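Listed in order, the protein sequences are those of chains A and B.
Yeah, the first sequence ends on 286 if you go by the UniProt record's numbering, and it's all consecutive.
Yeah, the second sequence ends on 257 if you go by the UniProt record's numbering, and it's all consecutive.
Source of the hints: derived by calculation from the structure; they are not laboratory data.
Treat the hints with care, as some may be off.
[As the list claims (entries may be wrong)] Using 27 Å as the maximum straight-line C-alpha spacing, the simulated DSS-like pairs for lysine-lysine come out as follows: (1) K123/B / K192/B; (2) K174/A / K127/B; (3) K174/A / K140/B; (4) K159/A / K127/B.
[Claimed, not checked] Here's a subset of chain B near chain A, in silico, CB distances under 7 Å, partners left out: (5) N93; (6) T95; (7) S106.
This one's a predicted model, so the numbers in the text were calculated from it and none came from an experiment.
Positions of the beta carbon are idealized from the N, C-alpha and C atoms, including for glycine.
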Amino acid sequence: MELFINLTINGLATGMLIFLLAAGLTLIFGLMSVLNFAHGGLFAWGSYAGVWLYLLTNSFIAGIIGAIFIGILLGFITEKWIIQPVYGNHVQQILITLGFMIVLSELLKVIWGPNQIAVTPPAYLTGSWEIGNILIIKYRAFIIVVGLLMYGLIYYMLKHTKIGLIVRAGVINKEMVQSLGINIKRIFLYVFMAGAAMAALSGMLIAPYAGVIHGNMGMEYAILAFIVVVIGGMGNITGSILAATLVGIIGSFMAYYVPELSLAVNMLIMAVVLLFRPQGLFALKG
Amino acid sequence: MVAILETKNLGITFGTHQAVQDVSFSVEKNEFKSIIGPNGAGKTTLFNLLSGQLKPTKGEIYLKGQQITGSSVVERTRLGIGRSFQITNVFPNLTVLENVRLAVQSQAKLRYQAFTHYRSYQKFEEKALHWLHVALLDHKENTLAINLAHGEKRKLEMAMLLALEPELLLLDEPTAGMSLEDVPAILQVIKKIKEEGDKTILLIEHKMDMIMDLSDRIMVLFNGKLLAEGTPREIMDNELVQSAYLGGLYDEFTSQS
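Looking at chain A on its own, in the form it has when it is part of the complex (with noise of 0.2 Å):
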């Protein structure tokens, strides 16, 4: 029972930090049906720059806001030259984006090195609580939270303001959109900076988490982010949360009792939708 729940929220916690890199992928690719790969590498440099200021500063919420500020800005200028140029060309997209995730890995070693770097989280969020038999890892609850309360500002984003409807609108049809004379790239670009942000804010979450950070971290979490992508339905904010915690939950007991299959087990899920269901197991488009 006590390693049942420990494995469950282990894997929880997972799943909302691959959570928060898939929900700026989702939306991006709703939206203007672009692949973005280089998603990995704004999760890194927030994970990086983060961990940097939060080892000079000794404060970790100053490199949380630092992680946040990087991935708007990498969000900005990716969006502005890389991404923009390459509209409506998906081979030329996939092209361009991938080689931009490789440049920004390694910068990543250019600037802090090729070693990995050891990170452990404040001291106020260091240690556990003892319920009953059962351990809560502090930091884990804390990941869980704050995954939970970005879903929550999503989710009211995307349901009560202006340009939440915009979004949605502009998911199911943005060509629809811009006929009402709503100037869709400008959103575009103001949702694929929210979704670098958010990227950038899961891998500065994640460095105490897995307690080391290297530069190849991107394409690892990219992966799994792209998995959840497709099995939540593209452009779908709940399917994601959902699909991501599937993941996640999956992964923390294979990891545990088949560690060699973990991630081909996530493959094996994200096939069999697509076999059954290509449009994503929560998708909005028919």
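Please arrange chain B on chain A, whose structure you already have, making use of the hints.
What follows is chain B alone, placed relative to chain A:
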């Protein structure tokens, strides 16, 4: 009277086919003008030229005296041209109210403001409800658009079009694909818009009784050319128009040109 819309020798050629040739006309402010003509006469093509979906190969278009021949669809929407399509265009997975609210907030030019002030948001909803009322869609606001009947979808489309508050409405067969029971309702909506008296309307229709009833003036398009223009009475009595609809004119008219 001021012409709100004017075309000069407007024409478009696809390959060797002249879909619209030398069409010059003007529409006065608050006028209700209909365009009739047999299938393939170039009515929808003419609309595409006016709304900016197509660029003319010849001639000019003026809106309120300003040349708009090269302007994009978005620019023309902002200048006050609103257009409905033969095919229904709504967002299926948004509610009826959200569909209209999107148009309302676009019109309000508050497009890029992420965090809304509570009261302005409420004002948008009120406005959206007003347009739903005009389009006879009361009590449907929380239905998903996908669950509306076809006739209701066309009404919703009309509400969205009205929400953009265009000065010039281009209506392309608003009753197309509608069941007979639904036609009177959409007719009522159009009449209501006309009675408010602050819109200029260009209408393409095949239902002659509807056209005779609504129009101030009628233009007849035939083979891409403007065949006749006049009041409903004049058009009814026009022999050229009669033969265009009854046949026989085709050879004569084309051999002339």
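Agreement of hint S106/B with chain A interface, Cβ distance less than 7 Å: For S106/B, the interface hint holds, since the closest Cβ of chain A sits about 5 Å away, which is under 7 Å.
Evaluation of the interface hint that places T95/B against chain A, nearest CB under 7 Å: At 10 Å from the nearest chain A Cβ, T95/B fails the 7 Å test, so the hint is violated.
Satisfaction of hint between K140/B and K174/A, Cα-Cα up to 27 Å: holds (24 Å)
Pair hint outcome, K123/B versus K192/B [Cα-Cα no greater than 27 Å]: holds (23 Å)
Hint consistency between K159/A and K127/B [alpha-carbon to alpha-carbon, up to 27 Å]: holds (18 Å)
K174/A paired with K127/B [C-alpha distance capped at 27 Å]: holds (23 Å)
Status of the hint placing N93/B at chain A (closest C-beta pair under 7 Å): For N93/B, the interface hint holds, since the closest Cβ of chain A sits about 5 Å away, which is under 7 Å.
Violation of the numbered hints given earlier is confined to hint 6; every other hint is satisfied by the structure.
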